[in-house]
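**Student:** Listed below are the residues making up each chain.
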Amino acid sequence: MLNRRDLLKLSSVAASSLLLPTGLRPAFAASEDITIGAPLPMSGPFAANGKFGSMGTAMIVEEVGKVLDRKLSYLEIDTEGKPATAVRKVQEAIERGVTLFSGGILSSEALAMGKEVAKGKGVFITTAGADEITGSECNKNTFRWSVPTFGAIEQTVRPLIEQLPNAKRWYTITPQYVFGDGLLNAAKAIFKEKGIEHVGNSYHSLTEKEFSGYLTNAMAAKPDALLILNFGSQSSDTLRQAVSFGMKNRMTILLAWASGLEQFEALGPELMEGVYFGAQYWHGIDSPFNRELVAKVQAKHKMNPNYAFASAYLTTKILIDAAAKAGSTEGPAVIQAMEGMKYAGLTGDEEIRATDHQVIKNYYLLKGKAKSVMKDKDDYADIISFGKSFQSPEQAQCKMA
Amino acid sequence: MIYLFQLVNGIGLGMLYFLLAVGLSIIFGLLHFVNFAHGAFYLLGAYLVYDLTERGLNFWAALLVAPIIVAGLAALTESVLLRRIYHLPHTFHILVTVGLALMVQELVIILWGPVGGNVSTPGALSGVLILGDFIYPQYRLFVIGLTLVLAIGLWWLLEGTRLGAVVRAGSESIDMVSLLGIDIVRVNTAVFALGAGLAGLAGALAAPIRGVEPFMGVEALGIAFVVVVIGGMGSYTGALIAGLLVGIVQSIMTTLWPEGARLMIYLGMGLVILTMPRGLLGRA
Amino acid sequence: MRAAIMNRASLHFVLAALVAIALPLFMRSGTLASEVLIFAMAAAACNLLLGYTGLLSFGQGIFFGLGSYAAGLTLLHTSLPLGVALVLAAIAGAVVATGVGWLSIRRQGVYFVMLTLAFSQFFYFLAYTFKDITGGDNGLLNIPRPAIGPFSLGGSWAYYAFVAVLFLLVFAALQRVASSTFGRTLLAVRDNEERARAIGFPVRNFKITAFAISGAVTGLAGALHALLIGVAPLSNIEYHMSESILIMTIIGGTGNLFASVLGAGFYVIVSDLLSSIWPRWLLLLGGLLIVVALFMQKGLWGLLERLVEALPMGRKSSIKSSIESPIPPESEGRGI
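Chains Y, F and S supply the protein sequences, listed in that same order.
Heads up: the first sequence runs through residues 0 to 400, numbered per numbering that gives the first Met the number 0.
Heads up: the second sequence runs through residues 0 to 283, numbered per numbering that gives the first Met the number 0.
Heads up: the third sequence runs through residues 0 to 335, numbered per numbering that gives the first Met the number 0.
In case anyone wonders, no lab produced these hints; they're calculated from the structure.
Dumping the calculated DSS-like pairs for lysine-lysine here, alpha-carbon to alpha-carbon at most 30 Å:
| no. | chain 1 | residue 1 | chain 2 | residue 2 |
| --- | --- | --- | --- | --- |
| 1 | Y | Lys324 | Y | Lys65 |
| 2 | Y | Lys299 | Y | Lys50 |
| 3 | Y | Lys295 | Y | Lys387 |
| 4 | S | Lys130 | Y | Lys118 |
| 5 | Y | Lys398 | Y | Lys139 |
| 6 | Y | Lys191 | S | Lys130 |
| 7 | Y | Lys120 | Y | Lys324 |
| 8 | Y | Lys398 | S | Lys130 |
| 9 | Y | Lys139 | S | Lys130 |
| 10 | Y | Lys398 | Y | Lys341 |
| 11 | Y | Lys366 | Y | Lys301 |
| 12 | Y | Lys193 | Y | Lys366 |
| 13 | Y | Lys247 | Y | Lys387 |
| 14 | Y | Lys70 | Y | Lys295 |
| 15 | Y | Lys187 | S | Lys130 |
Build the full structure now, drawing on both the sequences and the hints.
**Tutor:** Below is the structure:
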């Protein structure tokens, strides 16, 4: 006999499977509005970045309000950190008329989404790090705001070598995949040029959490400097464990690809003091646009913007401005408006290079501060140096059709 | 020389893995229950220590309190939820515990955010021990020492007390134990809580080493399964030997073949299963 | 009795066809609809091992991922047609599944499960390491979707039609296998392996064959997935994929193949829906898994059965309830 419980269960199951996808999709605006797609990892291991990225996009959309006389809105798309989900949802969004996308924090997602947006003749601007995005896999519809491996290493390893003339022996810890190799090769080129002895390298897998073995190897090689080339929680784990082994006192540590504020919050000043970090963005950057943004974010959210937030804010703004300039939201028009675009950005004056759609911007070398000299709770590091270093599109192997 | 260092480091890792896995092994031995939520207890133990120390409690007190809370939560979960599904096929054990693990992970994100955090090593132990060329964090040495003491305590519990006898007997014949008039339901809850509490303690101890982040339970679960399978399900000594073996292999691999360190663990598990039907020392 | 069995299987096929027809009517996204059918295939293949042979395999992701890579590599590096790429993917899945199965079935119960898990990690590692072939973490990109004969598959609903046809063919084929002597022997093995062996059935070979068939279908599903998204990502061969496929199979119900279609459809659609509402949607999914395990052990199919039984049709035994759903016996609960 069917009881009420079963009936309720079945009807709710039926309802959710059949009706809602067609009827109640939230936040999908009427066709008069311009909807910007924000594909971000909202769930899964990179949910932290997704959350702040979404906030950044939301803020600029609300701030600008209207473009080309149409209301602006944004569609948060949870990629779950998986390329398959990302591509499918972007495909759906394109089918429903979205042409402009800003997001893609993970390289694997970003690469896959870039292809999809190209098929759909839209525009996609991303902050993912893989060289291929504006290199061998570049395409007309994808733009990238962050600095890839070459620049990240040029702007951290090179100045540090110059600052520490006695540090002649360097050890590297590298995640074993294409991106890690990109960083490592860039570093090795500088080592060769500057006569640095590369005393050893430890590769490790992308899911590794235990670095004590690699650090023991590193210490046995007696380096003057430890170059950490992994990122995210792996870089935090490596640093934390390196400090626990007393390595901070015995050598200089450089974490070439740090995420910035939220990573520093998770680490804390005791761990960070005296350690060098490479970063795409820092809220302490002294540029007019950044100072404005920081003030706005402090007023609205009572916090300082981190990398995910600020980059989402800016990249979305670029899309909006380009659409306004082009007078249209159609892909080809917006692309043309974006190529060669120069603007006042987070890191000062920035330019979108037309040949490979890479934004030319600064990369920063930071140094962690002692707790006693922190001016406020977010003042974890000082900017030591910064600059713009990029390979030419030919060197990056970008052949745009 | 480097291999000697890696050996000691491996022992340190191994003891932690033992602590993590022994609960899973005992739970399976007695309850024949496949617990995919074991990593969630590890996660909770770590986050409780994080939370308590953030609120100002000193590390040692937090280290004591966190596993007890985890054990309590586990006992509650067992009596309210898990008890109902013991009789079901293993597929449902897996379904429920996977569901639980997901819920705990998301709750952790809701309560503490997705970013993760740091737990400072207690001041007294934040230095390093230097013996010639060998440098090793004092805290890790403490962990080795503590887990050794716990291992002995646990062994005594299993071999020397009535509860332990019941657990060992129950692993062989649950009916016999019930016939002897022992309240097997309460024993089950106690064992489950103990196993979970040990996992929570492992998480709490690991927190200063690894920090805390919401997805740390996934890796812990993988390691726990490997150790339990190699050691043999239901075997305390097996978990100890296997834990040490896994820790040492992992550590030495970082010198021999760093990229493959992770893989070796699973390869080892596969080989053991294929060549030794019950793992090293397991039964049932 | 025989007629009832026939009716039952053909009813399931009709239901499957209805689903394939209904999806375009109710869903806005051709891509999502295709994903439903692709995972329905994978879940049905998983069910062949789980529901019919009693083997809980955590290795389905291996075959799915390999199928993706096989199809991707074929289409990228050769000019072989689409059909050949799909066949190669199925073969790749079958071959590897045979190997994995042959080794894994040397152990029973939980050890078998753990062995498949170990294999899953092993193949993930291979895919990740041989990045020159698989693209590593970036995945295999730019996979084309060539036309089949005169039909272009570029549009999402055009591709869906193609997937739907394949789905129904595969579903019918699996049904054939399930209701054949081989299939019924699998059931006997599942229920009491000792007895089956004593009767003289070649239990090992049958289990390995079940693996091979499951691998072939899963490989095909993986290939179709790679074509759907234009990428063969590393995540297709990850442990998480195996876990998801298993969950879909169990939620649907291990009683019959159509149940797997229900399970896959439900999981894919509800995940999509929930993820657009709340970033913490995994919490709800976790809760759902628990609810299913506690109250819906026959899965969604069981729920559907109960609903139909309650309808006042004047007939005591409806077609559906005339035969017991093959659920593993109680004795499995206490130690495998």
